[in-house]
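Here's the letter readout for the chains.
Protein chains: 2
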Amino acid sequence: MPHPIASPLAFVPFVSVDDMMKLVNKTGIEKVLTELAAYIEADFKRWPEFDKTPRVASHSDEGVIELMPTADAENYGFKYVNGHPKNMKEGYQTVTAFGVLSSVSNGYPILLSEMTILTALRTAATSALVAKYLAPTGATTMALIGNGAQCEFQALAFKAICGVDTVRLYDVDPAATEKAVKNLSSTGLNIVACSTGQDAIEGAGIITTCTADKLCATILTDNMVGAGVHINAIGGDCPGKTELHRDILTRSDIFVEYPPQTRIEGEIQQLAEDYPVTELWQVMLGQAEGRKDARQITLFDSVGFAIEDFSALRFISDKIKDHPFYEPLDMLADPDDPRDLFGMVTRRK
Amino acid sequence: MPHPIASPLAFVPFVSVDDMMKLVNKTGIEKVLTELAAYIEADFKRWPEFDKTPRVASHSDEGVIELMPTADAENYGFKYVNGHPKNMKEGYQTVTAFGVLSSVSNGYPILLSEMTILTALRTAATSALVAKYLAPTGATTMALIGNGAQCEFQALAFKAICGVDTVRLYDVDPAATEKAVKNLSSTGLNIVACSTGQDAIEGAGIITTCTADKLCATILTDNMVGAGVHINAIGGDCPGKTELHRDILTRSDIFVEYPPQTRIEGEIQQLAEDYPVTELWQVMLGQAEGRKDARQITLFDSVGFAIEDFSALRFISDKIKDHPFYEPLDMLADPDDPRDLFGMVTRRK
Numbered sequence: 012m013p014h015p016i017a018s019p020l021a022f023v024p025f026v027s028v029d030d031m032m033k034l035v036n037k038t039g040i041e042k043v044l045t046e047l048a049a050y051i052e053a054d055f056k057r058w059p060e061f062d063k064t065p066r067v068a069s070h071s072d073e074g075v076i077e078l079m080p081t082a083d084a085e086n087y088g089f090k091y092v093n094g095h096p097k098n099m100k101e102g103y104q105t106v107t108a109f110g111v112l113s114s115v116s117n118g119y120p121i122l123l124s125e126m127t128i129l130t131a132l133r134t135a136a137t138s139a140l141v142a143k144y145l146a147p148t149g150a151t152t153m154a155l156i157g158n159g160a161q162c163e164f165q166a167l168a169f170k171a172i173c174g175v176d177t178v179r180l181y182d183v184d185p186a187a188t189e190k191a192v193k194n195l196s197s198t199g200l201n202i203v204a205c206s207t208g209q210d211a212i213e214g215a216g217i218i219t220t221c222t223a224d225k226l227c228a229t230i231l232t233d234n235m236v237g238a239g240v241h242i243n244a245i246g247g248d249c250p251g252k253t254e255l256h257r258d259i260l261t262r263s264d265i266f267v268e269y270p271p272q273t274r275i276e277g278e279i280q281q282l283a284e285d286y287p288v289t290e291l292w293q294v295m296l297g298q299a300e301g302r303k304d305a306r307q308i309t310l311f312d313s314v315g316f317a318i319e320d321f322s323a324l325r326f327i328s329d330k331i332k333d334h335p336f337y338e339p340l341d342m343l344a345d346p347d348d349p350r351d352l353f354g355m356v357t358r359r360k
Numbered sequence: 012m013p014h015p016i017a018s019p020l021a022f023v024p025f026v027s028v029d030d031m032m033k034l035v036n037k038t039g040i041e042k043v044l045t046e047l048a049a050y051i052e053a054d055f056k057r058w059p060e061f062d063k064t065p066r067v068a069s070h071s072d073e074g075v076i077e078l079m080p081t082a083d084a085e086n087y088g089f090k091y092v093n094g095h096p097k098n099m100k101e102g103y104q105t106v107t108a109f110g111v112l113s114s115v116s117n118g119y120p121i122l123l124s125e126m127t128i129l130t131a132l133r134t135a136a137t138s139a140l141v142a143k144y145l146a147p148t149g150a151t152t153m154a155l156i157g158n159g160a161q162c163e164f165q166a167l168a169f170k171a172i173c174g175v176d177t178v179r180l181y182d183v184d185p186a187a188t189e190k191a192v193k194n195l196s197s198t199g200l201n202i203v204a205c206s207t208g209q210d211a212i213e214g215a216g217i218i219t220t221c222t223a224d225k226l227c228a229t230i231l232t233d234n235m236v237g238a239g240v241h242i243n244a245i246g247g248d249c250p251g252k253t254e255l256h257r258d259i260l261t262r263s264d265i266f267v268e269y270p271p272q273t274r275i276e277g278e279i280q281q282l283a284e285d286y287p288v289t290e291l292w293q294v295m296l297g298q299a300e301g302r303k304d305a306r307q308i309t310l311f312d313s314v315g316f317a318i319e320d321f322s323a324l325r326f327i328s329d330k331i332k333d334h335p336f337y338e339p340l341d342m343l344a345d346p347d348d349p350r351d352l353f354g355m356v357t358r359r360k
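Here the protein sequences line up with chains A and B, keeping their order. Take the position in the first sequence, starting the count at 1, then add 11; the result is the number in this note's numbering. Take the position in the second sequence, starting the count at 1, then add 11; the result is the number in this note's numbering.
Chain A on its own, in the form it takes in the complex (with noise of 0.2 Å):
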């Protein structure tokens, strides 16, 4: 609890996993997707204006545990996360994340927040977002393969975003397909549940992949890919790690977020280190090209990257200025007198 003394400084408000819950549900999760995409767009259109580093990882057999940061001129973000895919076998989250909001001109942070749901919020609306740049015109069906915390939210992003109203789940595991299904009844979206793969692509414009395998796995494997689709690969995001077969990456254009970091953990990590990809914020801007003809495979190559988080929490820290929804934390000392941090401490009895 706040003590007497401490001043406002002190105090960094704080967006608990119960006050995200409440603030996605006040405003309604379509919406949070749509605006949150509308962050995410402003932000990667000024890319070049962001300190960028590839995220700090820390690898152990049983995971791994990153720091990503980046910055602008007005606001540094980091954003904590791990990824143990044995995680969910023990009841844990395959991923947890927080993240904290800076001023860069003072270094006092402005928002501690939860994200591991704002990381499912983040990723689905810059799938989305990224759709709406490549994706096949009149593209209304998605497949949408692995079928876990992810998947619905990537479902109702493409639904607010790209006008998808079709959705077609597969999971090797049925009763993961089955609580997608059961979520998303609801939604207003026709869902399909699939027996395979296979039978998911089925008449999709758009193919989403998110399995959580720590494995080279191959979920789409090339004679399932027809011309003409766009692929959104979300699974592959870890050294190790890819969800599609190689003849699939060759036969597509490829687009990243940033390639110093895709090269290390993305599916292109299965091809040499100068592979020719495309960036996402030179698209947006109209300096690359996106989709150039109906035929084309495009292939979103997604293992998020910082500047997405930091659109999260600039989301989050606007939002939190009209809603409660969050509480003040006592997280900095801040003394009257600031060479005197010794006498605040030892006053305080």
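Worth flagging that the hints you see were computed from the coordinates, not collected in a lab. Fair warning: there could be bad hints in the mix.
Because identical chains cannot be distinguished in the list, a pair is counted as satisfied if it fits within a single copy or across any two copies.
[Claimed, not checked] Below, a list of computed lysine-lysine pairs in the DSBU-like style, where the Cα atoms sit at most 35 Å apart:
#1 63 x 330
#2 332 x 33
#3 63 x 97
#4 33 x 360
#5 143 x 360
#6 303 x 37
#7 332 x 97
#8 42 x 193
#9 63 x 360
#10 303 x 100
#11 360 x 193
#12 37 x 360
#13 330 x 360
#14 303 x 330
#15 193 x 63
#16 360 x 303
#17 303 x 193
#18 143 x 332
#19 303 x 33
#20 360 x 100
#21 100 x 332
Once you have looked at the hints, place chain B on chain A.
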């Protein structure tokens, strides 16, 4: 506030500024410094076990924001810390910090703690720990040049850990010295306020410099430093910020925490990239020589390393097992079914 359906896994113990102050005062600050130094020493003595990386810094014209991660086989820790010299004039702290300790095996955070106070404590504990190995035998007088936020913590750490009984204070701003004299008046130390740096080092076997300008300064000139002293140089800790004249460095034997970081940030940024330095963990393990003779000048070129923060977080994490100086924070989304993040969100109305 926690919501009724959240599981215990969702909560992370949070040690606020107020909790930290209460913990320090309840335990006694000298006892805290001594216990903390033991954690730091234990971790220095198993140095090769840690994942080490130089801090990840984001520089702006006005300051720096840094992330300092490290990990052993069991825990991962990182600290967020800013350094904004101009803050003090605007009524903000030059340095604020917080940190997180996590489980390597599942990636879940197990502690979020304020670290503005904790950093001051760990910096002082490290300085005194190092001096225990390097200071001349029987040194009981310390000069303390720079009487800002770090000053009193340094004085008490050297009292508790090295047996220092007299501190001679000097600051360019007499008000800072006055504050330190007042804060230290009832600690049992003999306090001498001095009007010049030259005066302060009179008879001192240990010289601590902890000033805060983001500039190449010369707090000590060559002719001020006589044979046989130990210099504890705290303030030179980022590129372009040093406190000692280069000639002092070449007359000293230099001891550092982590060479790749110290060469960028420490006093030795003034020297050649391959200038010989000794790593402190090797001294503590008896693998390298510390002080050789009574006339040698030893210099601890302190910049602060992630392992010290890791030790400090371990210390606090253990400490709150016995003391209720924390609150549970609803920071991690933890659905009953790990794959059903969406259901958890949308069912919370």
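We went through each hint and held it up to the structure:
Taking the shortest alpha-carbon separations for residue 63 and residue 330, only the intra-copy value of 25 Å comes in at or below 35 Å, while the best inter-copy value is 38 Å. Taking CA atoms no more than 35 Å apart as the test, residue 332 paired with residue 33 passes in both settings, with 15 Å inside one copy and 32 Å between copies. For the homomeric pair residue 63 and residue 97, the shortest alpha-carbon distances inside one copy (30 Å) and between copies (25 Å) are both at most 35 Å. Taking the shortest Cα distances, residue 33 and residue 360 sit within 35 Å of each other only across copies (7 Å), while inside one copy they are farther apart (37 Å).
For a Cα distance limit of 35 Å, the shortest separation of residue 143 from residue 360 across copies, 31 Å, qualifies, whereas the shortest one inside one copy, 59 Å, does not. In the homo-oligomer, the alpha carbons of residue 303 and residue 37 never lie at most 35 Å apart, since the shortest distance is 40 Å inside one protomer and 69 Å across protomers. In this assembly of identical chains, residue 332 and residue 97 lie within 35 Å of each other by CA distance solely across copies; the values are 28 Å between and 38 Å within a copy. Within a single copy, residue 42 and residue 193 get their C-alpha atoms as close as 21 Å, which meets the 35 Å cut-off; across copies the closest is 57 Å, which misses it.
In this assembly of identical chains, the alpha carbons of residue 63 and residue 360 never lie at most 35 Å apart, being 44 Å within a copy and 38 Å across copies at closest. Taking identical chains as interchangeable, the C-alpha atoms of residue 303 and residue 100 are never at most 35 Å apart, the minima being 43 Å within one chain and 56 Å between chains. Taking identical chains as interchangeable, the C-alpha atoms of residue 360 and residue 193 lie at most 35 Å apart only when they sit on different chains, with a minimum of 17 Å there against 55 Å within one chain. With identical chains, the CA atoms of residue 37 and residue 360 are at most 35 Å apart between copies only, with a shortest distance of 8 Å across copies and 42 Å within one.
In this assembly of identical chains, residue 330 and residue 360 lie within 35 Å of each other by CA distance solely across copies; the values are 18 Å between and 38 Å within a copy. Proximity of residue 303 to residue 330 under the C-alpha cut-off of 35 Å is found in neither arrangement, the shortest distances being 37 Å within a copy and 61 Å between copies. In the homo-oligomer, the alpha carbons of residue 193 and residue 63 never lie at most 35 Å apart, since the shortest distance is 40 Å inside one protomer and 46 Å across protomers. Proximity of residue 360 to residue 303 under the C-alpha cut-off of 35 Å is found in neither arrangement, the shortest distances being 69 Å within a copy and 44 Å between copies.
Taking CA atoms no more than 35 Å apart as the test, residue 303 paired with residue 193 passes in neither setting, with 37 Å inside one copy and 74 Å between copies. For the identical chains of this complex, residue 143 and residue 332 are intra-copy neighbours only, at 29 Å inside a copy versus 51 Å across copies, given an alpha-carbon limit of 35 Å. Taking CA atoms no more than 35 Å apart as the test, residue 303 paired with residue 33 passes in neither setting, with 42 Å inside one copy and 64 Å between copies. Only between protomers do residue 360 and residue 100 lie at most 35 Å apart by alpha-carbon distance; the minimum there is 28 Å, versus 46 Å within a single protomer.
In this assembly of identical chains, the alpha carbons of residue 100 and residue 332 lie at most 35 Å apart only when taken from different copies (28 Å versus 39 Å within one copy).
Consistency with the previously given hints fails for numbers 6, 9, 10, 14, 15, 16, 17 and 19, ordered from lowest to highest.
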